[in-house]
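S.K.: Next come the chains, spelled out residue by residue.
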Amino acid sequence: MKAVYMIIRRISKSKIGMIAFVIFISWLIVAIFQPFLRPYSPTAYHIADRFSSPSLQYPFGTDRYGRDVFSRVLAGSTTVFLIASAATSIGLILGTAIGVSAGYFGGSIDELLMRFVDILMSFPDLLFAMLIISMFGPSLFGVVFVIGLVFTPRVARLVRSAALDLRHKGFVEAAQVRGESSFYIMAGEIFPNVLGPLGVEGAVRFGYAIFMSASLGFLGLGVQPPTPDWGLMMSEAKKYLTVAPWMVIFPALAIASIIVSVNILGDIIRQLENGDL
Amino acid sequence: MVHYLIRRLLFMIVALFIASVIIFAITSVLPGDVAQMILGQNVTPQALHALRQKLGLDKPVYVRYLEWIGSALHGNLGTSLSIPGVRISWLLVTRGENTLFLAFFAGLFLIPTSLGFGIVAGLKEGSWVDNLISSVGLIAISLPEFVSGLLLITLFSVWLRVLPATSSIDLHHNLFSQFPKLVLPILTVSFVIFGYILRMARVSVIEVSRADYIRTAILKGLPRRRVIISHIVHNALLPSITVIAMNMGWMMGGLVVTETVFAFPGLGRLLLFALKQRDIPLLQATILTVGAIYLFLNLLADITYGFLNPQVRYNE
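Chains P and H, in that order, give the protein sequences.
For the first sequence, numbering that gives the first Met the number 0 begins at 0 and goes up steadily by one.
For the second sequence, numbering that gives the first Met the number 0 begins at 0 and goes up steadily by one.
Chain H extracted, bound-state conformation (with noise of 0.2 Å):
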């Protein structure tokens, strides 16, 4: 178990490396650089040589990247273009709060009522309940973020007037009294990967039902209850985790979706934002933030996996 964990550590700072050398290459071949983004278009050539001087702009590539991830490690991520005089580092910090809030929550509505749904179709395979419960799912995976948040702010926010369209909340002031904000975000974050999960868990059940050691269990004379529980649910939860660790990299762009309709502030819109004001270095630190997230929110589903299904460990 120690190796596992520690080959799936270095693989993350390997990807992460790779990744920031990735971001770094593609932002950096970006048209208009950051000497020309501060001056604007009107401006003599002498101006703007001189400020990509000052700036370190006429240095390598390379010596540029080790520069700035340098920085970064320090936590220094430099200020914003677009909004000047902040900080990158305090945006990252309150808008990723606030993100990470949201997703938590979306997670802590998703997981167990996808699971439940998932698994309740699956055991009742080709009944009117499975029926609906299934075709809910395939809805789920197929309307766009933006499609079901746009129908829910209609129905609950135009017609019905009792939840607000839009959300910017403040996590230092009082919470309880801006949950109202967040019913629809977190339905809307939820609802594509609410059917995933509810897809896999229904097919999972299904296949542990047909297996030979249900049908031992059940001869065997056990009680109905201790079969479904302590059997098939039981081994068809593991495939479910994969799932819920893949859809975590789904979530994060259902986010930036998410956000956009609800004008949260997250992460998500901040990224969107840095990149249409082509705020270079707002959008380096963002984009690898993000990465960051996600591959130790990967990190945390595998070790989970791990520790769940001995095979892994074997295997190794």
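Just chain P, same shape as in the assembly (with noise of 0.2 Å):
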């Protein structure tokens, strides 16, 4: 709780970090209460008002289905954050699992596991996210997987190095001679102490993996259609950018608020754990 004050604290202090907390908060509340806030399903076809520009009736205007810009581009949010978090938890808690056991075990299983990370990042991120869609198909479940597992040798590597250091520290080598079992101390002993890295890890991430789902979704290999999601809105939207260019630009200011907000956030986060103030 310390930490989530101090960061507050931290924000507050800088007025682009109020602007991106503000812009981020707002999309957090839009994506939970967007079923109350949406005029219209972002479903619901109305063919009559099909690429309506932007009105007082349809906000952003209407695609080709005359379904409502603005509905879906709310409604998306939902997807983005749904995605993200799960992504970046799967990253998250399986880089921590093999980070931890590396640095805590080190020898052979660290050898392993690190040679395991190596080749899992010698692939280009977007590339192996393909590989292994082409695996499943393209899906909600398929996007979190793979990004969740792109993010994990990162997240080892960097647990890895913090858990190193707390090895041969004084509190694990007293749990090791009171007798307590190998997962007992990594859980109990050296995961507390890789939260604060881990924490800033967490909130790069997020960033990035609004990124790489938006991109996903953008080539077709993420959510399917109907399902409003930022990316494909905006692929469909390519093919009549010159009648429709409000099926472009709000979607993609939608993702551009985002992802700037939370990269700002990051940064600030960053700073802080780093002690740069």
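No lab work stands behind these hints, which were simulated from the structure alone.
Note that the Cβ used here is the ideal one computed from N, Cα and C, for glycine as well.
One or more of the hints may lead you astray.
Said to hold, decoys possible - Some chain P residues judged to face chain H by a derived CB distance under 8 Å, without partners named:
id, residue
1, F122
2, P123
3, S133
4, S214
5, L218
6, G219
7, T226
8, G230
9, I254
10, A255
11, V259
12, I263
Each chain sits in its own coordinate frame; assemble them with the hints.
M.R.: Structure follows, in structure tokens:
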């Protein structure tokens, strides 16, 4: 809790940080309450009003089926938060498990786990994601799993180096002398001490998860139509750029505003952790 | 240095081998095999069985892997399933040329500009110039390629009508006249990496400026220009080179998205096409090629880094 308080205090000191914080929280509120906020169903067709430009009736205009772009953008925010938080959690959990074990046990277990991590990292992120998705076919679950898997080796590296430093600390050796199990030492002694760097990594990863899920959605490898997803909406909108540019511009602004604000907050949290304020 | 080179080269070969095994394993468990793809869904089990036998799909996986990698090493990658009669090697060469062309110009544009802006921002830390450049850098790393690409198209192709929105280039025709088609894809694929290198260069300059030996150099009375050029910039460039190398992998992914946005006939779009068409031989060959290019570029970056940073050599 103290960490959260410090982060908020640090953010409130910078004007840009405050703006980013407000944008992020607004999106979070929209993502939770959008079923009550949006004027139409995101999948409702208004065929008579297709390709309408922005107006009072349709604030962000309509698409080729006459679906309200405003409602779809709002509904898409839920998809964004669900994918990004689930994927980041998977990456953090798997990465921590691998990193703590490698750092604590050392020796051949460390060697084995780290070579595995090296191989995972030797593929470019998006290509790796495409390869895995080709296995399962595009789906919501696939995107979450694959982004988590891309994050795993990076998190593992980070946690391992933190755990290596802790291995010979007095409180770990004391626990070993007490005869505690390896699992207890890793979960009860080492894990709480890597939470700081892990939190920073989580914030940075969260922004990147949104980036990557949007890109996969755009490539048609993420959630499938008619689910409202910002990346997917923009790939459909690409064909109608000359007749209905609002179909591109509003989802684009949505993606940009959320990733920029997450990255600004991530930068602040990282500076706080590094202690250079 | 020779030892270092040999080690890196061996690592690359091992990595490529492991990558080929993984690629083959993953694409082999895809639902529906090549025989099913050729014959379609409405087919008798007998016909399917006969074709599987003819294509050698009834053999054990490791035999099929060895046959595949063996003919790939001889340059024979087979023919595409979804574009009948087209040799995969031909597709890879023509599309690969286009992608390398795009990537080369993107690098030529983005490396000097990002380093330049990053260094200027770092030297003027805290000023309005720094704030402006840093904000651009932050926005650059935050915009996925399809967002910046589509916004650029909206601005330059739809509203201003000065640049084309698609870029079906042909390298064997007059390149000069085709250059306008490349401007937007180059900007798009560069943007994110531009931001990362800029931020890294800025932070390195700031860190180096605070080092003791810089203070010594200033107190010694060296001219400011000399301190900046031969001490600060020189030392700050090293970490930036690592970031440039790391971002090559990023560029591979960025190219897939950028090529899709601009309908650019390159390797990235070929890969996506193969994946969506479930053209397994084409998919395997394309991923392997892209992986090989990536590892090779990484090797080049490591060698450059080794030349520039004596510590790497001594540690080996």
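S.K.: Given P:S214 was flagged as interface, is its beta-carbon under 8 Å from a beta-carbon of chain H?
M.R.: Given a least distance of 5 Å, the restraint on P:S214 holds.
S.K.: How about P:G219: closest beta carbon in chain H under 8 Å, or not?
M.R.: Constraint on P:G219 satisfied, holds at 7 Å.
S.K.: Given P:A255 as an interface hint, is the shortest Cβ-Cβ distance to chain H below 8 Å?
M.R.: 6 Å, holds
S.K.: Does the closest beta carbon of chain H sit nearer than 8 Å to the beta carbon of P:I263?
M.R.: 7 Å, holds
S.K.: Restraint: P:V259 near chain H, CB-CB cut 8 Å. Satisfied or not?
M.R.: 4 Å, holds
S.K.: With a cut-off of 8 Å, does the beta carbon of P:P123 approach a beta carbon of chain H closely enough for the hint to hold?
M.R.: 4 Å, holds
S.K.: Quick check on P:I254 please, does its C-beta sit within 8 Å of some C-beta on chain H?
M.R.: 5 Å, holds
S.K.: Quick check on P:T226 please, does its C-beta sit within 8 Å of some C-beta on chain H?
M.R.: 18 Å, violated
S.K.: Would you settle whether the hint for P:L218 is holds or violated, based on the nearest Cβ-Cβ distance to chain H being less than 8 Å?
M.R.: Given a least distance of 6 Å, the restraint on P:L218 holds.
S.K.: So, as I understand it, the hint says P:F122 touches chain H; can you test that by seeing if any CB pair is closer than 8 Å?
M.R.: It holds, given that the least Cβ distance between P:F122 and chain H is near 7 Å, below 8 Å.
S.K.: Go through the hint on P:G230 and say holds or violated, using the shortest Cβ distance to chain H against 8 Å.
M.R.: Holds, about 7 Å.
S.K.: Can we keep the P:S133 interface hint, with Cβ of chain H closer than 8 Å?
M.R.: 5 Å, holds
In this structure, the one hint that does not hold is number 7.
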